[in-house]
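Visitor: The primary structure of each chain is shown beneath.
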Amino acid sequence: MTEPFHGISHMLAIPFMDHALLAGGLIALASGVVGYFLVLRNQVFTGDALSHVAFTGALGALALGVDLHLGLYLGCITIAVVMAVLSRRGITDDVTIGNIFSFVLGLGTFFLAYYATHQIGGTDATAGVSVLFGSILGLSSSQTTFDVFVALAVIIAIVIIGRPLLFASIDSAVAEARGMPVRALGVVFLVLVGVTAGEATQAVGALLLLGLLATPAGAAQRLTTHPYTAMSFSAVIALASVWIGLCLSYAQPVLPPSFSILAIATSIYLGSWAISAWRSRVRGSGKTARSTYTSLR
Amino acid sequence: MNPLSKISELFSYHFMVNAYAAGTIVAVCAGAIGWFMVLRRQTFAGHTLAVIGFPGASAAVFLGLSVSTGYFVSCIGGAVIIGLLPRGTTGETRVAESAVIGTIQAFALAAGVLFVNLYQGFLNGVTSLLFGSFLGITNTQVVVLGAVCGLATVALAAIARPLLFASVDADVASARGVPVQSLSVAFLVLLGAAVAAASQITGSLLVFAVLVMPAAAAQRLTNNPRRSLVISIAIAVVITWLGLYAAYVSSYPVGFYLTSIGFVIYLLAIGSEYLRSHRPLRTSSIRAHR
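Line by line, the protein sequences are chains A and B.
Our numbering applies: residue 1 is where the first sequence begins, and numbers increase by one.
Our numbering applies: residue 1 is where the second sequence begins, and numbers increase by one.
In isolation and in its complexed conformation, chain B is listed as follows (with noise of 0.2 Å):
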């Protein structure tokens, strides 16, 4: 009954050290990029590459490969074929590409579901591979996570100023000469790492869970640019492991509490906007903090 008790047995087994290490690893990155996917509004895009995740994971299961690569794969091999579609500018070319997002979605969906039918007995695989699980991360799984991951917070950290200025004011930005498509390709590739990462443990359909709710909240928290990524990143980190407590004392499932836990912390952070009414990031104050 005593919850620092549980708290030791839950590290005394290796799956949840595991699930810990992997979640963690997951929240940092997830909680960073998913940062610029609110700041860039790409969160339709973000939903479509986690979507595409999943025909891939269960591609790679009928095929005998790991789940980590099948996400992987297909999430990051997603990001690249939509970062070099033309992307169109006005308003009658966006309305097209958001049907084509949504065919695109769909179809993967549908894949994923052909690929699940000719692997016969997998039926409770399906639930997991969309709505997260945290049993059964192997160590290298574990290793694997914390490579790519790293890697895309490297490389985050690496382009992160430009990509600010052309998230915030892409016409200055390409203007005095920095180059906004190739950082728009460059971060949805980064994207489609984080989301491959998330989907392993939130599984496809909840990566929002860490990617969109820890930064949604956090960019209602401050106008702060890097205060309101630092946020973020927390935010992440301590939905992650406040819900595989909860998912490991109870009997429902992970993304259930991830996502509850995050649509509660943002929920407290429009409250909290609203007392203080404070106004969201806007690029004003990022250019004063620039």
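One chain only, chain A, in its complex shape (with noise of 0.2 Å):
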């Protein structure tokens, strides 16, 4: 501990803390963009339904005997396109979504107590445990590389829609008006929301989700108004969080790495709170996300 440095050249010498700095920081980078529109769209409560069908889907793959991503992935994604179709202009109501996925949660414990029970494939024991609060240490160097590029593809949607998405989230009736397709929009949107939850689900564990979705994008929207300085504020808090996070666990490894990576978030979350607080007492609020963007145009 005297030596920091020494401690750092340390943990990268481990290759799976390599593993996690590189596959967390990239889910961490595409959490960050994707979460900036979800706060923005208000769909918070989306993401955290889409956090619990991870587990189930998860845990139905491995009840069925086959790779448990497949599943994660599955089930996210079918998920978002269902509650995108549910819903009108893409903002489902939330008494639907409780009930879905609570429906969708308890078949997730079924999945758990039938595996547990019927031994497929080597039952782990803790598969339960490592899909709700994440196993980011536990990455195989494939699966490292398939997050990356899952993650980088991810990142890639987002740039290339970004900026009609961006128009359609902060004003949908005169996107409408101006022939964008935004209910289009809104379902590729709810799909990407479906990959990075999937994604996330490994590095943070599906309970904790939010946390990589939301908080990194609240804070960021604390701090700017901006929305293109927001979005890359997030993913760089994210990003931070995680890198953060994984070092503070490996220093100390009481704490679960996603608890650390959580309380950094969370910690950033506050300060960005503090500074927003602060800086509206010095010089007054009122501008938002939605002035500051039309003044961009």
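Heads up, some of the hints might be wrong.
[Stated by the list, open to error] Listing some non-contacts, in silico: residues in chain B with all C-beta distances to chain A over 12 Å:
id: 1; residue: F11
id: 2; residue: I81
id: 3; residue: V207
id: 4; residue: A217
id: 5; residue: F263
[What the hints assert, rightly or not] Example chain A residues on the side facing chain B (calculated, C-beta under 7 Å, incomplete):
id: 6; residue: V44
id: 7; residue: V82
id: 8; residue: V95
id: 9; residue: F103
id: 10; residue: L105
id: 11; residue: F146
id: 12; residue: A157
id: 13; residue: S258
Please keep in mind that the hints were generated in silico from the structure rather than gathered at the bench.
Keep in mind the model is a prediction, meaning the values are calculated, not measured.
The beta carbon of each residue, even a glycine, is placed where N, CA and C say it ideally should be.
Join the two chains, each given in its own frame, into one complex according to the hints.
Guide: Below you can see the structure in the form of structure tokens.
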């Protein structure tokens, strides 16, 4: 502990830490960018519901004896599309979401029990817990490569649809009047959220998804109302949370990585809250993402 | 094989009697408070309170206290804090609010993981805290549940009329001198109690089985608020009784049965609403029944 750089070079010599830092870092960037839109579009509850689906998808796959990741992505994307179809204009009623996600989660406990009692393909007793709370320190090198590619694909997709999506999120009525495919954008966006949720489940676990999706984005939106700056802040905050969190858990193994990551993200959020409160006292608030966006156009 | 003999066998076990007693108490309380929660569109807040219960319960286990204490202290404490947070009125601040709630949720769960990690050899406990368990409900727990749920239900009955008014039309209610703000804080505290109670049967993550599903179904079945409230309680009780029975005769977790039965009832309610082309509970019908 006396020589932090010595500790860091030690840490980087461990393969599973490298995997965690690399995959976790890219997952964080993707979550930060997708999360920015999720918060802006007021769909945090949808992200929350997806986090439950991730659990059921992964354990359903285990119960059927197929690869956990297949179930994870398939479950998240399917439910994302279902929610997009169910909803009008891409915003779903929270009572309906609540009903669906409770049922889906209940199904997940069924799969967990089935998997545990039927001993499918070398049952891992901690499978349920690691899906719920993440297993970032257990990534294999092939899994890391896959995660990196998926995260890059999500980021590229957001870059491509970013401008119209921003317009549609901030002022859907005007965007629709100008002939933009607002509904289709909403569906594509939810699919991206589904993919990101599937990925982030490995990093922080199904239950803590919101910590990567909503927290950095919420903090960024307190710091600036400028859309593109906020989006980058959100990605950077997510990245910092994952990297600092991983280092913290490496230094203090009693802290689970998911906890450290979320603790850092939450501290950053509190910091940004304090900054925005201090700023609005100094020069008053009144600027919003919408007004800034309108003035930029 | 005879289902009736199975039922008499079931009640010869003390733990099942306790499970049924606790389940019924919780169902009545959650069915009623959940009805208002659905009407007020506060399901997200209800979910947050449930999630806050998890670190509370796991911290209680870690500190050697009872799980009940952990649930009640953390859920009711969380409700007071959320109730006292300044509420945004404009769309923009509401957006920020949902990020705050999301952050609180994720951090609460992460703190729960930390306590679980600190308390070694607790791995099976995690799933029962999250997804419910009907085994090992003690006599004391039944008494505590009865007392807290009884109090919460009486308090709800006392504020029910103004709360209904404030939930349906906050502006008119406050113009007529109804204390909308304090009612909303009081309701959140009641919700915290109901969530903490429900968590002890359904687990932190599946409280919606008795809090949302019965209420959502009931509000689709009738427009009459009083009738719909009674139906919600009845559905919650039915879900709990059937769920406990199914979990007793099979080897699958109780949370799975509770949510599945609840979901089927919800779907049936949607189906019957569709058939009768009934409209869901609306402001106008509540006004008409006042």
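Visitor: Interface hint check: A:V95, Cβ to nearest Cβ on chain B, cutoff 7 Å. Holds or violated?
Guide: holds (5 Å)
Visitor: Would the hint on A:V44 stand, with a C-beta cut-off of 7 Å toward chain B?
Guide: Holds: closest Cβ of chain B sits about 4 Å from A:V44, inside 7 Å.
Visitor: Going by Cβ atoms, does B:F11 stay more than 12 Å from chain A at every point?
Guide: About 24 Å separates B:F11 from the closest Cβ of chain A, which puts it past 12 Å; holds.
Visitor: The output says B:I81 does not contact chain A. Does that hold with a beta carbon cutoff of 12 Å?
Guide: holds (14 Å)
Visitor: Take a quick look at B:F263 and tell me if its Cβ sits farther than 12 Å from every Cβ on chain A, holds or violated.
Guide: The claim breaks: B:F263 does not keep its Cβ more than 12 Å from every Cβ of chain A (closest is about 4 Å).
Visitor: Holds or violated: the hint that A:A157 contacts chain B, with Cβ atoms closer than 7 Å.
Guide: violated (23 Å)
Visitor: Against chain B, run the beta carbon of A:V82 and see if the smallest gap drops under 7 Å.
Guide: Since the shortest Cβ distance to chain B is 14 Å, the answer is violated.
Visitor: Just to be careful: measuring from the Cβ of A:F103 to every Cβ in chain B, is the smallest value less than 7 Å?
Guide: This interface hint holds because 4 Å falls under the 7 Å limit.
Visitor: Close enough to count: is the Cβ of A:F146 nearer than 7 Å to one in chain B?
Guide: violated (25 Å)
Visitor: For B:A217, is the shortest CB-to-CB distance to chain A above 12 Å, so the non-interface label stands?
Guide: violated (9 Å)
Visitor: Does the closest beta carbon of chain B sit nearer than 7 Å to the beta carbon of A:S258?
Guide: The hint holds - A:S258 has a Cβ within 7 Å of chain B, the shortest such distance being about 6 Å.
Visitor: May I ask you to test the interface hint for A:L105 with respect to chain B, counting a Cβ-Cβ separation under 7 Å as satisfied?
Guide: holds (6 Å)
Of the hints listed earlier, those the structure fails to meet are numbers 3, 4, 5, 7, 11, 12, in rising order.
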